[in-house]
Amino acid sequence: MPDPINTSTQWRPTAPHEVLIKRARLLAQVREFFALRRVLEVDLPVLGERTVSDPHLDSLSIEGSGQYLQTSPEYFMKRLLAAGCGPIYALAKAFRANDIGRQHNPEFTLLEWYRPGWNEGQLMAELAELLLSVGCTPKAAAHRVTYRDIFLATVNIDPHQASLTQLTQLASEIAQRNMSGESRATCLDLIFSFEIEARLPPGIVFVHDYPESLCALAQLGVDTQGVTVARRFEVFLDRTELANGYFELLDADEQRRRFSEDNRQRKALGKAEIAVDEKLLAALDAGLPSCAGVALGIDRLLMHLVGAQHIDEVIAFTR
Amino acid sequence: MANYSTNEFRSGLKVMLDGDPCSIIENEFVKPGKGQAFSRVRLKNLKTGRVWDRTFKSGESLEGADVSEQNMQYLYNDGEYWHFMEPETFEQHQADKTAVGDTALWLREQDTCVVTLYNGSPLAVAAANHVDLEITQTDPGLKGDTAQGGTKPATLSTGAVIKVPLFLNEGELVSVDTRTGEYLNRAKK
Numbered sequence: 001m002p003d004p005i006n007t008s009t010q011w012r013p014t015a016p017h018e019v020l021i022k023r024a025r026l027l028a029q030v031r032e033f034f035a036l037r038r039v040l041e042v043d044l045p046v047l048g049e050r051t052v053s054d055p056h057l058d059s060l061s062i063e064g065s066g067q068y069l070q071t072s073p074e075y076f077m078k079r080l081l082a083a084g085c086g087p088i089y090a091l092a093k094a095f096r097a098n099d100i101g102r103q104h105n106p107e108f109t110l111l112e113w114y115r116p117g118w119n120e121g122q123l124m125a126e127l128a129e130l131l132l133s134v135g136c137t138p139k140a141a142a143h144r145v146t147y148r149d150i151f152l153a154t155v156n157i158d159p160h161q162a163s164l165t166q167l168t169q170l171a172s173e174i175a176q177r178n179m180s181g182e183s184r185a186t187c188l189d190l191i192f193s194f195e196i197e198a199r200l201p202p203g204i205v206f207v208h209d210y211p212e213s214l215c216a217l218a219q220l221g222v223d224t225q226g227v228t229v230a231r232r233f234e235v236f237l238d239r240t241e242l243a244n245g246y247f248e249l250l251d252a253d254e255q256r257r258r259f260s261e262d263n264r265q266r267k268a269l270g271k272a273e274i275a276v277d278e279k280l281l282a283a284l285d286a287g288l289p290s291c292a293g294v295a296l297g298i299d300r301l302l303m304h305l306v307g308a309q310h311i312d313e314v315i316a317f318t319r
Numbered sequence: 001m002a003n004y005s006t007n008e009f010r011s012g013l014k015v016m017l018d019g020d021p022c023s024i025i026e027n028e029f030v031k032p033g034k035g036q037a038f039s040r041v042r043l044k045n046l047k048t049g050r051v052w053d054r055t056f057k058s059g060e061s062l063e064g065a066d067v068s069e070q071n072m073q074y075l076y077n078d079g080e081y082w083h084f085m086e087p088e089t090f091e092q093h094q095a096d097k098t099a100v101g102d103t104a105l106w107l108r109e110q111d112t113c114v115v116t117l118y119n120g121s122p123l124a125v126a127a128a129n130h131v132d133l134e135i136t137q138t139d140p141g142l143k144g145d146t147a148q149g150g151t152k153p154a155t156l157s158t159g160a161v162i163k164v165p166l167f168l169n170e171g172e173l174v175s176v177d178t179r180t181g182e183y184l185n186r187a188k189k
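Protein sequences, first through last, are from chains A and B. Using my numbering, read the first sequence as starting at 1 and increasing by one per residue. Using my numbering, read the second sequence as starting at 1 and increasing by one per residue.
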């Protein structure tokens, strides 16, 4: 039996009216920020015949149509970049099945932008400017820290050099269960999510130079210590993860190799394999300009701006 | 029993963990910008009452526990077991000391209480939040004490000892909050 009081108020928005006003203002501020910088807004399909193969992302598929709701506009944007569109941004809905929690809703608003000719350092600087321009009041000045340094400072482990045994031991302590048999990537994600994130310094913190095992779609590089790292960064605003960016991978062969590795992992996890997006690979073959790109969760940024504790408080209607 | 995946974890869901039935208290979804998502789960072990924090990878699953809660009438204690009856089917269940625990202090024959069944056997017993019990022993109250705030110990018919106001006497009925063991008010017979 449904709770009668609940039923009678279920039609109401989950977000207060003041927050919806703030949301409208934030979207306008973002568009103004990019208009002034001559970055072109692109309006892209949310339905696509292909989707990401990332083993940790689940796409929603439209039954009978063979199409997927996109988890981000990334592949369409890269095809535009290869076609020579110049700097672009997209501000639109994205969909990730099963991502449900205090900071996650399966349908959410994503801001993604690409800067041809830039590296990830330049993009981090622009991201910090964007955050300040929309009214973020971080508790400290923006600063950058490598993935290695934040690990050393917090858990006293070098994430690049530590043995898998060391990583599984620490992960097991944190998870309160035996994590042996898990991959480096899983252990690192667990240690970062539960031990490090909550102990980051306040303010805008960029974590960069990720381990190779967490490269996703970032190019590999060599850091000052001669270690191969992924040129990927994440930004945290007062300890909440807001955005993930890359110095983008350009090499079609390497991209193809990463797609098959994704599918190998999907298979091991019992998930359906995802057909490779050949049009994206063809675009990379034709030549993606050297560029940096980043995707930022608008709902989470709005949570920070209005001091919301749950994502439902900033979305007009949730489940 | 069915298996439940992390995205089905809800507070109140009963699952098996390390061979014991547990109730999920809360489930927090945590995911880095890219990469493995996790569920940090707080569970109460229904056998021991201990609270556990465990972290699962998203998509992992736990077996459901055959646990249900039923209103039952408390019948009697035979010295070793406490006997309860389902009011509609008249089916009887016996619970041992581990299952009854401190709730024994609040069980009055004929009263309805909540029995948690695990695989058909009583795992835990909870009394109603408020019960009325008779004072069987207390020091005599003093005349004129009614307005003062003092308390004295009183033994109730179930053996529980609680603090009651000075004006109450043996044979009187008092209402008690079973969650805190505190006196609420004088009850009518």
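None of these hints come from the bench; they were simulated from the model. Be aware that a few hints might be false.
Listed next, the in silico DSBU-like pairs over lysine-lysine satisfying Cα-Cα at most 30 Å (straight line) [stated by the list, open to error]:
1. A:K93 <-> A:K279
2. B:K97 <-> B:K44
3. A:K93 <-> B:K97
4. B:K57 <-> A:K267
5. B:K57 <-> B:K97
6. B:K152 <-> B:K188
7. B:K57 <-> A:K271
8. B:K163 <-> B:K152
9. A:K279 <-> A:K267
Taking the hints in turn, this is what the structure says about them:
1. A:K93 <-> A:K279: Judged against 30 Å, a Cα distance of about 22 Å means the pair holds.
2. B:K97 <-> B:K44: 20 Å, holds
3. A:K93 <-> B:K97: 57 Å, violated
4. B:K57 <-> A:K267: Satisfied, since the Cα-Cα distance of roughly 16 Å is no more than 30 Å.
5. B:K57 <-> B:K97: 37 Å, violated
6. B:K152 <-> B:K188: At roughly 20 Å apart (the allowed maximum being 30 Å), B:K188 and B:K152 satisfy the hint.
7. B:K57 <-> A:K271: 14 Å, holds
8. B:K163 <-> B:K152: 5 Å, holds
9. A:K279 <-> A:K267: Within the cut-off at roughly 23 Å; holds.
This entry does not satisfy hints 3, 5, going by the numbered hints stated previously.
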